[in-house]
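Chains as they are written, first to last, in my numbering: chain A, 74 to 918; chain B, 2 to 608.
Since the hints were derived computationally from the structure, they do not count as laboratory data. Everything numeric in this text was worked out from a predicted model, so none of it was measured. Please note: incorrect hints may appear among the correct ones.
[Claimed, not checked] Chain B regions said to be covered by chain A (calculated; three or more residues, Cβ under 8 Å):
1. 151–162
2. 341–351
[Said to hold, decoys possible] Partner residues aside, some chain A positions facing chain B, computed with beta carbon under 7 Å:
3. Glu321
4. Pro683
5. Asp685
6. Ile688
7. His816
8. Val820
9. Met821
[To be verified] Just the calculated beta-carbon pair ranges, DEER-fashion:
10. B:Thr550 <-> A:Asp856: 53 to 59 Å
11. A:Asp384 <-> B:Gln553: 55 to 61 Å
12. B:Trp89 <-> A:Leu826: 49 to 55 Å
13. A:Asp384 <-> B:Thr550: 25 to 31 Å
14. A:Gly854 <-> B:Arg237: 55 to 61 Å
15. A:Phe101 <-> B:Leu87: 39 to 45 Å
Quick reminder that beta carbons are idealized off the backbone N, C-alpha and C, glycines included.
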Amino acid sequence: MEIATLLPLLLGLAWLIPLASFVAILFFGTRMGPHGKSAANVATAAIASSLVLSVVALGVWLGHHPPSAASHGDHGDGHAARSDSMVRLTAFRADSSAPPAAASGHDEAEHHEDHQDEDHHDSGAHGDAHPHEGEHAAVAPVAYAGDWYTLYSGGALRLTIGWYIDSITVLMFVVVTLIATCIHVYAAGYMHDELHPVTDAEVQLTSGGPFSREGRFHRFFQALSLFCFSMLGIVIAGNLAMVFVFWELVGICSWFLIGFYFERHSASTAANKAFIVNRVGDFGMLIGLMALWGGLGTLHFGSSVDPATGDPQPGLFELVRPTAHGYQQEVPDGLVAFAAAADVAGLASGQSDQQAVRREVAAAVPGWREAGYGRWLLFIAGVGIFCGCVGKSAQVPLFVWLPDAMEGPTPVSALVHSATMVAAGVYLVGRFYPVLTPDVLLVIAYVGGITLFIAATIAVTANDIKRVLAYSTVSQLGYMMLALGVGGWVAGLFHLVTHAFFKSLLFLCSGSVIHACHTNDMRKMGGLLKVMPYTAWTMLIGCLAIIGAGVPFVIGLSGYYSKDAILAQALLYARLNPAHGILYLAVAGGAFITAFYMFRLWFMTFAGSPRDHHIAEHAHESPRVMTMPLVVLAVFAVIAGWGLPSGFGVAGLLEQSRPAGTATTVSTDVILGAISLPAEHDSHAEDIHVTATLTAFATAAAGVLLAALMYLRPLVSPAVVARLAGPAYTFLVNRWYVDELYHILFVMPTLRLARLISGIDRRLIDGLINGIAWAARQIAGIDAWFDRTVVDGLVNAAGRVTWNTGIEMRRLQTGRLRQYVMFIVVGTVAIFVLATLLFRTSLAG
Amino acid sequence: MNAAVVENAAFWPLTLIVFLPAVVAAFLSLPLVPKAREEVVRWITLGTTAVVFLLSLWLAVPQLFGPVGPGQFVLGNPDMQGVVKLPWIEAFGIEYLLGVDGISLPLVVLTTFLSMLAAAASWPISKHVKAYHVLFLLLESGMLGVFVSLDFFLFYVFWEVMLLPMYFLIGIWGGPRREYAAIKFFLYTLLGSVLMLIAILMLYFTSDVGLLSDEQLIATHVVSPATAVDEIAAIRAADGAVHTFNLMALAAIGQLPNSPFAATTVWLDTSLETWAFLLLLIGFVIKVPVVPVHTWLPDAHVEAPTPISMILAGILLKLGGYGILRICYPICPGAGLSLAWLVCGVGVVSMVYGAFAALAQTDFKRMVAYSSVSHMGYVMLGLGVWSAVDGQEYRWDFWAQGVNGAMFQMLAHGISSAGMFFMVGVLYDRVHHRNLQEFGGIFGKMPVYSGLAIAVFFAGLGLPGLCGFIGEVLVTLSSWNYSRVLAVISAFTVILTAAYILWAIQRVYLGAEYRGPHEEALTPITPRELSIATPLVFLAIVFGVAPQTLFQYVTPTVNQQVETLADWTRDVHDGTRKLLVAAEHAPADSLRPAARLHDLAEREGAR
C-alpha cells in the first residue's frame, strides 16, 4: 500500500479505537465484569492497540523516510551536521536548472529559494522576514495531508475533518499512546478503591455523617478513553478547525476527569475553573481563526484539492511561506487584500466586470504588501492562536487552572495535566510555526519566560506534592514556549517529548506515594526510601531527568539534551538580540530553581527520617501493576533524549519535519522592534554550545546543593529562610495572589454586571412594559367611567351591558384584552377591504 | 377542483401535514370523546403527532419509503418544491399556496418531531386534559401552516392561528403567574403581528405582477404551468396593477431593478421598502426574540408547562428567524442591505445580554430561557452578515456561511433548547421547584437522567461533537468579514456561555447532597421520559458529528438565495448596470410569442 494512504489508515485507526472503547464502556460499562472491573481491560487493550498501530506507523515512516545525519542536528556534532546539510543543499543547487517540482502523490517538494537581495535587509518595510544568509536553499518537509469528511462546504469555503501527518505527528502518536498505555495499567491499580462502594472522607455532609457512594471504576476508564481519542484528534488534525474541535473535546474530558470526585465541591469548582479559563484562551483562538478564515478562506495546514471543483487549494503553510518565494514568510495575498478593503472597494467601484476587478486587485497586492497591509492581521492571527495555547498549556496569565486541576485522580494528573493535554498548546505552536511571525514568536518567548519564572517560584514554597509537580509542569511548559519563541523549534518539541516521559513518571510516583500515605502533604512524609524503594528510585530518575542531569559533553538523561538545546538557543537569541537578554536569564535562573524544588520534593518525601510516624508505619510499596509502569517510564525518561549519529532518535525525527524556511536566521523590524530570529543549527556552534552546557550543569548542581543543604543535611533551616524572606515568602506561599486578583478583577465584575443586566430586564424593560399596561388600564378606566355616566344616562338597556363591561375592564380581565385585540385585527382587515374597494383604481393607477 | 388537485402532486401530503392536527382537534372537541377518558385523548394526540411526523418524513426523506415519488422532496434542488396552488379568496388574489424548500422543510420536520415529543411530554398534564390537547393540536397546525405558506395572507392567518392556542396554553396550564405571562406574551406578539399586517398591506397594494417577465411569472407560481398562456395574457391585458400576496412573486418584484417598493416613498422621505422591512423585522424579532423586546420570553417560559416550553423554545422562536430569511430579505433587499448593521447589532447585543442575564438567574428555567435569547442572537448575526459582499469583492461565500450557520443554529437550538426545557421539567415534576440554589447531588440519585441532561446542556454550551457547535462556529467565523468588532464580541460570548452552563450543571447535578425539598421524590427517570430525552440527545450527537445530514437540505436553497441577492447587490443596488438592465427589461415582456410561453410552461410542468 502507498505510504500516503497507509499512514492515515494506521493513525486513523489508532485514533478511533479509544473512541470505540469509550462507546463500549458508556453502554456496557456496568456489565463488564464484577463492578465494571473489565472496563480497565477494555480501555487498556484499546490504547495498547493504538500504541501498536502508532509504532507500526513510525516503522513505516522510518522505512520511507530514514533520518539522515544531514538533516539531523544532534547534540555533539552540530557543526558536522550543518556542513553536511550545506553540502546536500549545494548539490540541489547545482542541478537547479529544472523548475521546482513537487513529488507526485503527496506534498513532498524540494527545491531551493531564489536569491534574496541583500538590499532588502532589515529594511522593515516589507512586513516579511528576510534571510541573513544571502544564498542558501530550503527544503520542504515531507507531510501527508487529506480529508476524511466535510463538516460544511459552501462556495469556496470548506471545513473538514482530515489529517496532516509528518514526523511530529507520528512521534506524538507514539509518545501519547505509550504514556497513556502505562497510565492505563497504573490506573487499574490506583483506582482499585472505586471497585467497591466508596466512603469519601473529603466530602462534608450537612448531617455530619460520612458520605458513601457507589464505585465509579468504569466511568474513569470511559473518560480516559474519550480523552485519548480527543488528544490524538488534535495531533492528527489536518486543519485548525479540527484542532479547535478536539481542543474543546480534550477540555471537556479534562472537565470530567478533574471533576471525577464531583461530590467534592473543590473538585467540581476546579473542573469548571479549568474549562472556563481555557475558554478565555479559546476566545483568543477564535479571533485568530477568524482573522485567517476571513482573509484566506481556509484553515487547512497543507494544500488540498477542492472535491467539488477540482481546483487546488493552497493551505496555510503554502500561503504564508509560498514555495515560489523559497518558503520565506510573507503576508498572504488574502490578508493583504482584506486589510486593504477600502482600496479594493475603490478599485471595484464603477466596475461591473468581476474578473477585471480581481485582476486589478491581484496586480495591486504586492504594492499593498510593501506598504504593510495585513501585517497586523497576521500578527493577530498568530497571537490569537497562541492565546488558545496559553489556556491549554497553562501559561501566564491563564495558568491558574492547572494547580487546581490536581483535584482529579493522580493518573489523570499524570496523563492529562502534565504529559499530553497541556502539551497540546506547545504542540500547536510547533505545528503552526510556519505561520507565526518573529513578532508573535517574541510574544510567545516572553510569555514562556514569565511563566517559567513565576511557576518555579511558587513551586518552591508549595507543600502539596502534587501541586509542586503541577507548578513544575507549568514552568516546564514555559520552557517549551520560550524555546519555540526564540527559534528553537526542535528544542521546544524535543523538550515536550522528554518532559512527557519524566513528568508522567514523576506524577505516577507521587501517586504511588499518596496511595501509600493517604496524604498529599510533604510535611508529613520523609524517610519513605526504605519502604518504597521502587517509587523512590524511579522518582529520583525523574528528578534527575527534569533538572537535566548528565555528564557534560558525554551523556545524560533525556532532560539533559532537551534542556541544553533550549539553553543554547536562548543564549544565541540573547546574543543576537541583546535587548531580550533577560530571556536567557529566565532560562538559566529557572534551571536553578527547578533543581532546587525538585530535590526539595525528593528529600522531603524520601530522605531523612519520618516526620509522621503514623503515616510511615502504614506506608507500603505499591502493587506491581503500579510499579511496572514506573519502571517503563523511568527507562524512557533516561533514554528518550538519546540519538544515534545517523540521526535516529527523537531530535533527528523532529528535524525531518522542520518547517521549510526556518533553517536560516531571519531579521525583521515590523511591530515589536528589530528582531533577529536565529537559525537553530547555529546554536550548535562551539562557543554557544559549551557555554550553555556548562551553565545548565552549574545551575542544576547549585540547585541540588542548596536543596541538600536545606532539606537533606539541615545546615540551613527552611524556617529561618522563610522568616528572613518575610513578605516575599508570604507572597510566594499565596501564589503571587493571582487567584485573588482575578477574582477581584474578572469574576466579581462579571457577576455584578450579570446581576445589573438581570435587573435592567426586570426593572427597566419590564417596568416600561408594565407601565404601558398600567396606562392602558387607566384609559380603560376612564372609558368605563364615561360609559357608566354618559352612556348609561342615555340608553338604559344598553347601559347595563356597558356597565358590566366597564367593571370588567377595570379589573382588566385577560379575556377582554383579547377582544380588543380582535377588534384591532378585524378593524384593520376592514380598513383594508374598504381601501381596496374605494381606492383600488387610484392606487393601482 | 379535481383537475387542480391532480396537478398539485403535493396537495395531500402538505395539506394533511398542516390540517390533520386541526381536524383531530375538532374531532376531540366534539362530545364524542368523553372528558373522563383522559388516556384516550392523550393517545389520540400522540398518535396524531406521530402520523404527522411520519408524513413529514415521507416528504423529506423519501428513501425511507421506497423510490422518490411525485410530491416528495428532491435533495439538491434549491427551488420551491411540491407547490400547491389553489384559489382561495379570488377577489384579492389570495391563494392556498403551499410549498417547501431547503429552508422550510427542515423546520417542518423539526416541528412535527418536537410536537410528537411534546405530546409525549404532556402526560403529566392533568387539568382540563381534553381542552389542553385540542389547543395543542391547533397550535401544531398553526406552526406548520406558517412554515409551508407561500401566500402572505395565508401566512398571516396561520401566524394568528398559532398565537391564540399558545396564549391559552400558558394562561390556563401555566404556573402561579401564568396570567401575567400569558398576557405579556400575547401583547408582545400581537404588537408584532399588527405591524406585520400593516407591512403586508403596504406591500400588497404596491405590488404588480405585471412587472415580472414571463419566466418569472411561471417560476414564482403566479400562473399555473397548465394555463400559463391565458393567465399571462390576462395579466398583460389588465389595466392597472395586478396585486399579489404570493411571497415568491413579491420577492421577484422586490429584486427588480425598478422595484416599486424601493421607488415608492411613503413617509419621512423613506422608501416603502425600508418601512416594510422595519415593520416586518420588528414583528419577527419579537418572536426570535432579541433584546430589548425579549422580556416576554423568560416569563412565558417560567410559567408555561414543560411541553409548551419545549414548543415555545424549539419551534416558535424559529418563526422569527424563518420570517426574516424567507420574507424580509428577499422582498426588501435594499432595506436589508442598508439595515444589516441593525440585524447584526441586535443579534450580538442579544448574545451578550442574554448570556449575562443567564449568569445571574437563580431560577433554572429562567436561566435556560435567557440562554435561548443568547443562542438566538447567533441566528440574527448569521442572517445579517450579508454586507460581507459589499465594499470589496462580491464574494457571497461568507454571507452564505453565515446564513447556513444561522439555519443550522435554528435547527440545533430547536433540539438543544427543547431538550434543556424538558430536562428542567423532569426535575420540576418531581420536586416542584426550580431554584438553582436548592439542587445538588442529582447525579448520584438519577444517574441516567443526569448523563442525558449534561449531554443536552453541553449541546447548548456549543461543545464540538454536539449540535450547538456547528452553527455557532460558522456564524462567528463568517461575522469577521462583516464587522471585526461584532465578531470579537460574539467570540467573547463563548466564555459566558461556558460559565453559566457549567455553573448550573455544578449546582444542580454535581455535589454530594440534594439541598431542596421533596428529596424522596427524586426517583430515576421513567421509560416515558427516557423515550423523550433519548431521541433529543441522539439527534444532538448526529447533527454535531455529521452536520451534512442537515446541510444537504439547507445549503442548496440558502446558497441560491444568497447568490441571487449578492448578484442583486452588484447589479441593482450598486447601480452599475441598473440603467442597462432596466432598458433591456421594459418593452420585451408583452411581445413574447405564445409558442415560447408554451415551452416555458411545459418545462416547468415537467419539473
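Here's how the hints hold up against the structure:
Look at the region 151–162 of chain B against chain A: 1 of its residues bring a Cβ nearer than 8 Å to a Cβ of that chain, fewer than three, so the hint is violated. With 0 residues having a Cβ less than 8 Å from any Cβ of chain A, the region 341–351 of chain B misses the three-residue criterion, and the hint is violated. A hinted interface residue such as Glu321 (chain A) counts as satisfied when its beta carbon comes closer than 7 Å to some beta carbon of chain B; here the least separation is about 5 Å, so the hint holds. For Pro683 (chain A), the interface hint is violated, since its Cβ never comes within 7 Å of a Cβ in chain B; the closest pair sits about 33 Å apart.
At a threshold of 7 Å, the smallest CB-CB gap from Asp685 (chain A) to chain B is about 28 Å, leaving the interface hint violated. At its closest, the beta carbon of Ile688 (chain A) sits 26 Å from a beta carbon of chain B; the interface hint therefore is violated under the 7 Å criterion. For the restraint placing His816 (chain A) at the interface with chain B, the shortest Cβ-Cβ distance is roughly 14 Å, beyond the 7 Å limit, so the hint is violated. Residue-level restraint check for Val820 (chain A) is violated (minimum Cβ-Cβ distance to chain B is 9 Å; threshold 7 Å).
A least Cβ separation of about 12 Å between Met821 (chain A) and chain B goes past the 7 Å threshold, and the interface hint is therefore violated. The hint said 53 to 59 Å for the Cβ distance between Thr550 (chain B) and Asp856 (chain A), and at roughly 56 Å that hint holds. For the hinted restraint 55 to 61 Å between Asp384 (chain A) and Gln553 (chain B), the CB-CB distance of approximately 22 Å leaves it violated. At roughly 52 Å, the beta carbons of Trp89 (chain B) and Leu826 (chain A) sit within the given window of 49 to 55 Å.
Taking 25 to 31 Å as the suggested C-beta distance range, the pair Asp384 (chain A) and Thr550 (chain B) conforms, at roughly 26 Å. Taking the beta carbon of each, Gly854 (chain A) and Arg237 (chain B) are about 58 Å apart, inside 55 to 61 Å as hinted. Checked against the hint of 39 to 45 Å, the C-beta distance between Phe101 (chain A) and Leu87 (chain B) comes to roughly 55 Å, which is inconsistent with it.
This entry does not satisfy hints 1, 2, 4, 5, 6, 7, 8, 9, 11 and 15, going by the numbered hints stated previously.
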